[in-house]
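Following the hints, put chain B in place on chain A, whose structure we already have.
Chains A and B, in that order, are what the protein sequence lines are.
With the working numbering applied, the first sequence closes on residue 347, and no number is skipped along the way.
With the working numbering applied, the second sequence closes on residue 224, and no number is skipped along the way.
Hints in this document: simulated from the structure, not taken from any laboratory.
Every value quoted in this text rests on a predicted model; they were computed, and no experiment measured them.
Virtual Cβ for every residue (Gly too), placed ideally from N, Cα, C.
Non-contacting residues of chain B with respect to chain A, defined by C-beta distances greater than 10 Å in every case (computed):
(1) 161
(2) 172
(3) 203
A few chain A residues that face chain B, going by a derived Cβ cut-off under 10 Å, partial list only:
(4) 89
(5) 101
(6) 140
Rough simulated footprint, nothing fancy, chain A against chain B, three-plus residues with beta-carbon under 8 Å:
(7) 114-120
(8) 126-133
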Amino acid sequence: MKLQVDIVKNGAGFRVDAQFEAGEGALALLGASGSGKSEVLRCVAGLSEPDEGRILLDGEPLFDSSRHLNVPPQRRKIGLLTPGYALFPHLTVRRNIAAGVVNRAEREHAVEEQLRRFRLTELAERKPRQISELERQRVALARLTASRPVAILLDEPLSGRDSFLKFRMEQELSDYLSSFGGPVVWASHDRGEVYRNCRYVCVLENGLSQETISVERLLASPGTEGAARLSGCKNIVDAIPRHNAIFIPEWGVTLRSAYPIPPLLRRVGIRAHQVRISEPALVNAFAATVVRVIEDVSSTIVLLRPNGASEEAPLLRMELDRGVWRTTPDQRNLTVSVGPQDVLLLR
Amino acid sequence: MDWFPLLNSLRVALLSTAIVFFPGLFAAYRVMRMPPSPAKTAWDAALTLPLVLPPPVVGWLVLRLLGPQHMLGYWARQIFGVRLVMTWPAASLAAGIVSFPLMYRAARAAFENFDHNLTDTARTLGRSEAWIFWNAQIPACKEGVIAAAVLAFARAFGEHGASVMAAGYTPGRTAAVGATVYQLWSQGDDAGAGAWAALSAVLSGVCLLAVSAAEQRQRGGAKP
Numbered sequence: 001m002k003l004q005v006d007i008v009k010n011g012a013g014f015r016v017d018a019q020f021e022a023g024e025g026a027l028a029l030l031g032a033s034g035s036g037k038s039e040v041l042r043c044v045a046g047l048s049e050p051d052e053g054r055i056l057l058d059g060e061p062l063f064d065s066s067r068h069l070n071v072p073p074q075r076r077k078i079g080l081l082t083p084g085y086a087l088f089p090h091l092t093v094r095r096n097i098a099a100g101v102v103n104r105a106e107r108e109h110a111v112e113e114q115l116r117r118f119r120l121t122e123l124a125e126r127k128p129r130q131i132s133e134l135e136r137q138r139v140a141l142a143r144l145t146a147s148r149p150v151a152i153l154l155d156e157p158l159s160g161r162d163s164f165l166k167f168r169m170e171q172e173l174s175d176y177l178s179s180f181g182g183p184v185v186w187a188s189h190d191r192g193e194v195y196r197n198c199r200y201v202c203v204l205e206n207g208l209s210q211e212t213i214s215v216e217r218l219l220a221s222p223g224t225e226g227a228a229r230l231s232g233c234k235n236i237v238d239a240i241p242r243h244n245a246i247f248i249p250e251w252g253v254t255l256r257s258a259y260p261i262p263p264l265l266r267r268v269g270i271r272a273h274q275v276r277i278s279e280p281a282l283v284n285a286f287a288a289t290v291v292r293v294i295e296d297v298s299s300t301i302v303l304l305r306p307n308g309a310s311e312e313a314p315l316l317r318m319e320l321d322r323g324v325w326r327t328t329p330d331q332r333n334l335t336v337s338v339g340p341q342d343v344l345l346l347r
Numbered sequence: 001m002d003w004f005p006l007l008n009s010l011r012v013a014l015l016s017t018a019i020v021f022f023p024g025l026f027a028a029y030r031v032m033r034m035p036p037s038p039a040k041t042a043w044d045a046a047l048t049l050p051l052v053l054p055p056p057v058v059g060w061l062v063l064r065l066l067g068p069q070h071m072l073g074y075w076a077r078q079i080f081g082v083r084l085v086m087t088w089p090a091a092s093l094a095a096g097i098v099s100f101p102l103m104y105r106a107a108r109a110a111f112e113n114f115d116h117n118l119t120d121t122a123r124t125l126g127r128s129e130a131w132i133f134w135n136a137q138i139p140a141c142k143e144g145v146i147a148a149a150v151l152a153f154a155r156a157f158g159e160h161g162a163s164v165m166a167a168g169y170t171p172g173r174t175a176a177v178g179a180t181v182y183q184l185w186s187q188g189d190d191a192g193a194g195a196w197a198a199l200s201a202v203l204s205g206v207c208l209l210a211v212s213a214a215e216q217r218q219r220g221g222a223k224p
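Pulled out of the complex, with its shape left as it was, chain A reads as follows (with noise of 0.2 Å):
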């Protein structure tokens, strides 16, 4: 089973072209906020029209503008949930499950399997406001299995939750998602959420998605700036490809690579926690000056300026173990270095 899409949307003041494949393993659509994830799926889902392009799942045509298709969300069988996933104010649990099947001869028997199930038997009378966040996500679960749906769509439905009871939510939703078959495509904002849950990720930038890539290679090679920025990675700056080697003006750094330099490179990205309090012998070893140092929850952030950087140059960020900081002699001037598999190489 495949969901397949390829769609270009233009609205008021955005564009979106959008090209995907989710199949086993739920597929992230990873995009700040404004990058079009919404409305993406809001196409897949039958909600909005795009203007080209083809939605196919399972082979069949859901939407193909050369041939003027674009089947119903009524009759589409993709379920979506949204923040706060949108349980019916007025109806009980029951009538709540009940509104996920059309049909009335299946009706009694569907919501019955799907409270035993989701274990709410019990709330079964209640309105959606007398019971609590956790109990609310099953009730949305039990309704969208009693409809069911062949594909599932995600549009950040965790979204505004405080992070504890967030947690308990997406352990539960995580899974439910993994005894379900079909495609899965989870829209977020949020790397940790991506890397938690999803297996392949698809970044989304200006409504402009990239290449589908796993999550173990959005973390090694995210390619795009965009992707590197969106994998939580902290230090981006301009970069010249310089005799197999980079060469960082803004800093006057050069550094080597573990792997070959593309010809397109424009940026380099090194992860605050690459960043290693190294000896000067070391590749890509360089001398620099602590500018700024900001005790984190659970870590400390040191901001550098490599000694041959410019003034308006942007700070290195490096993330160290608390205790390692506290035991480093000179806490002015260091030696950094980042292992040449952790340079990132950026389009």
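What follows is chain B alone, placed relative to chain A:
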């Protein structure tokens, strides 16, 4: 004191509210669902127009529609032998046109306040547009819809300019509260005019309190 004007105004306002209730809801739903476009702007302006037109313009339109020389009025006289103008239902139609924009706009405000994720989710669950309208939109916006209807009722109750043209002022037949205040004042009965004025102020005030209370409840319960 002759209570007829009060009863008449109440029946005029009730019928008028009944006339505008569903068209107002329907128009609100349709316009709300239109994507931002010049067509949406035009529809919105057209549906709001009676609110700002001088009421006699509306009265004149009603006479053009129902008058014995014109269209509906002509047929009614030819076929059923009844006169449509100068009756209280004609006043209801006139008052309905004037109060329609309030029904439409207040209902639209309630609908727009509604969490659109509910509508979207219902569609992906396979539910039809009609099901969504009756089972999700209307019940979830119940207070807002009630507020809209009460507002339209209050406006129709106080309507004078359009309905007096459509129904005239016949004591015991079409005399409404507004026309009675005018009539008593023009006869020099200031105390009588004042009493009716006070009565209508109290009644309208009660309606507006109800509107405000309903709208606050709506806002409190719009999103879970």
